[in-house]
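J.: Fit chain B to the supplied structure of chain A, relying on the hints for placement.
Below are the chains, spelled out letter by letter.
There are 2 protein chains.
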Amino acid sequence: MYVVVVYDTAAERNPKILRTCRQYLHHVQRSVFEGSLSPAQLRRFKAAVESCIDSGYDSVLVYTYPPGATPERQSWGRPQDSPTDIL
Amino acid sequence: MYVVVVYDTAAERNPKILRTCRQYLHHVQRSVFEGSLSPAQLRRFKAAVESCIDSGYDSVLVYTYPPGATPERQSWGRPQDSPTDIL
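If you read the protein sequences in the order shown, they are chains A and B.
0 is the number of the first residue of the first sequence in numbering that gives the first Met the number 0; add one for each residue after it.
0 is the number of the first residue of the second sequence in numbering that gives the first Met the number 0; add one for each residue after it.
Rather than coming from a laboratory, the hints here were simulated on the basis of the structure.
Incorrect hints may appear among the rest.
Which copy is meant is left open, because identical chains are indistinguishable; a pair holds if it fits in one copy or across any two.
Each computed SDA-like pair below joins lysine to any residue, with the alpha-carbon atoms no more than 20 angstroms apart [said to hold, decoys possible]:
(1) Lys45 to Arg72
(2) Lys15 to Glu49
(3) Lys15 to Arg29
(4) Lys45 to Tyr56
(5) Lys15 to Met0
(6) Lys15 to Thr69
(7) Lys45 to Asn13
(8) Lys15 to Tyr64
(9) Lys15 to Arg77
(10) Lys45 to His26
(11) Lys45 to Tyr1
(12) Lys45 to Arg77
(13) Lys15 to Ser74
(14) Lys45 to Met0
(15) Lys15 to Trp75
(16) Lys45 to Pro65
(17) Lys45 to Trp75
(18) Lys15 to Gly76
(19) Lys15 to Ala47
(20) Lys45 to Ser74
(21) Lys45 to Asp57
(22) Lys45 to Gln22
(23) Lys45 to Pro78
(24) Lys45 to Gly76
(25) Lys15 to Tyr1
(26) Lys45 to Glu71
Here the structure is a predicted model, which means the values were calculated and not measured.
Looking at chain A on its own, in the form it has when it is part of the complex:
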């Protein structure tokens, strides 16, 4: 299924969750990732995320789409970077 992931983590944990998200998804904005995951990949991704966040402080929102559906997205302001342009 297609997912959109937005994280809000303490600065010291940003590099770790960034690396984790990059292993599974495409970077579309500073703390926003998207991509298609199988149910098994989503479970592994969730376990990886939960191992690198402080679940009493950090928040990760995961928007899921039905099989075959993809998001409609508008981008306002700065033209979207290509994935390799984003740190």
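T.: The following block gives chain B in isolation, referenced to the frame of chain A:
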């Protein structure tokens, strides 16, 4: 239509876009808002956002849903704040 908005703006413009988003939508995470907008409200919201961002630097992603559809969202980590708990 239902929209999910995620902004990435320079710190000095955060208060203004935060206020603008709050006028139209519900706060669900630090820089994430959701809500239902009519096409006219979406146009006004877009104009308001564009008036308070630097379109060469700031980025705003707007995920739109078909009429009647709402997002499926999982929240990992910190339990989601009620809207009034978020600054």
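J.: A separate judgement is required for each hint: does it hold in the structure or not?
T.: Here's how the hints hold up against the structure:
Taking identical chains as interchangeable, the C-alpha atoms of lysine 45 and arginine 72 lie at most 20 angstroms apart only when they sit on different chains, with a minimum of 14 angstroms there against 24 angstroms within one chain. Only within a single protomer do lysine 15 and glutamate 49 lie at most 20 angstroms apart by alpha-carbon distance; the minimum there is 11 angstroms, versus 32 angstroms between protomers. In the homo-oligomer, the alpha carbons of lysine 15 and arginine 29 lie at most 20 angstroms apart both inside one protomer (14 angstroms) and across protomers (19 angstroms), since each shortest distance falls under that limit. Taking the shortest Cα distances, lysine 45 and tyrosine 56 sit within 20 angstroms of each other inside one copy (16 angstroms), while across copies they are farther apart (31 angstroms).
In this homomeric assembly, lysine 15 and methionine 0 never come within 20 angstroms of each other (Cα to Cα): the closest approach is 24 angstroms inside a single copy and 35 angstroms across copies. For the homomeric pair lysine 15 and threonine 69, neither the shortest alpha-carbon distance inside one copy (27 angstroms) nor that between copies (31 angstroms) is at most 20 angstroms. In this assembly of identical chains, lysine 45 and asparagine 13 lie within 20 angstroms of each other by CA distance solely inside one copy; the values are 16 angstroms within and 29 angstroms between copies. Taking the shortest alpha-carbon separations for lysine 15 and tyrosine 64, neither the intra-copy value of 25 angstroms nor the inter-copy value of 31 angstroms comes in at or below 20 angstroms.
When the C-alpha separation of lysine 15 and arginine 77 is checked against a cutoff of 20 angstroms, the pair qualifies only between copies, where the shortest distance is 17 angstroms, while the shortest distance within a copy is 26 angstroms. Within a single copy, lysine 45 and histidine 26 get their C-alpha atoms as close as 17 angstroms, which meets the 20 angstroms cut-off; across copies the closest is 23 angstroms, which misses it. With identical chains, the CA atoms of lysine 45 and tyrosine 1 are at most 20 angstroms apart within one copy only, with a shortest distance of 14 angstroms there and 26 angstroms across copies. Only between protomers do lysine 45 and arginine 77 lie at most 20 angstroms apart by alpha-carbon distance; the minimum there is 14 angstroms, versus 30 angstroms within a single protomer.
Only between protomers do lysine 15 and serine 74 lie at most 20 angstroms apart by alpha-carbon distance; the minimum there is 19 angstroms, versus 26 angstroms within a single protomer. Taking CA atoms no more than 20 angstroms apart as the test, lysine 45 paired with methionine 0 passes inside one copy only; the shortest distance there is 14 angstroms, against 29 angstroms between copies. Within a single copy, lysine 15 and tryptophan 75 get their C-alpha atoms only as close as 28 angstroms, which misses the 20 angstroms cut-off; across copies the closest is 16 angstroms, which meets it. With identical chains, the CA atoms of lysine 45 and proline 65 are at most 20 angstroms apart within one copy only, with a shortest distance of 18 angstroms there and 27 angstroms across copies.
For a Cα distance limit of 20 angstroms, the shortest separation of lysine 45 from tryptophan 75 across copies, 8 angstroms, qualifies, whereas the shortest one inside one copy, 29 angstroms, does not. For a Cα distance limit of 20 angstroms, the shortest separation of lysine 15 from glycine 76 across copies, 15 angstroms, qualifies, whereas the shortest one inside one copy, 28 angstroms, does not. Taking identical chains as interchangeable, the C-alpha atoms of lysine 15 and alanine 47 lie at most 20 angstroms apart only when both belong to the same chain, with a minimum of 10 angstroms there against 35 angstroms between chains. In this homomeric assembly, lysine 45 and serine 74 come within 20 angstroms of each other (Cα to Cα) only across copies, at 11 angstroms, whereas the closest approach inside a single copy is 27 angstroms.
Proximity of lysine 45 to aspartate 57 under the C-alpha cut-off of 20 angstroms is restricted to the intra-copy arrangement: shortest distance 14 angstroms within a copy versus 29 angstroms between copies. Taking identical chains as interchangeable, the C-alpha atoms of lysine 45 and glutamine 22 lie at most 20 angstroms apart only when both belong to the same chain, with a minimum of 12 angstroms there against 33 angstroms between chains. Within a single copy, lysine 45 and proline 78 get their C-alpha atoms only as close as 30 angstroms, which misses the 20 angstroms cut-off; across copies the closest is 15 angstroms, which meets it. In the homo-oligomer, the alpha carbons of lysine 45 and glycine 76 lie at most 20 angstroms apart only across protomers (10 angstroms), although the nearest pairing inside one protomer, at 31 angstroms, exceeds that limit.
In this assembly of identical chains, lysine 15 and tyrosine 1 lie within 20 angstroms of each other by CA distance neither inside one copy nor across copies; the values are 22 angstroms within and 32 angstroms between. Taking the shortest alpha-carbon separations for lysine 45 and glutamate 71, only the inter-copy value of 16 angstroms comes in at or below 20 angstroms, while the best intra-copy value is 24 angstroms.
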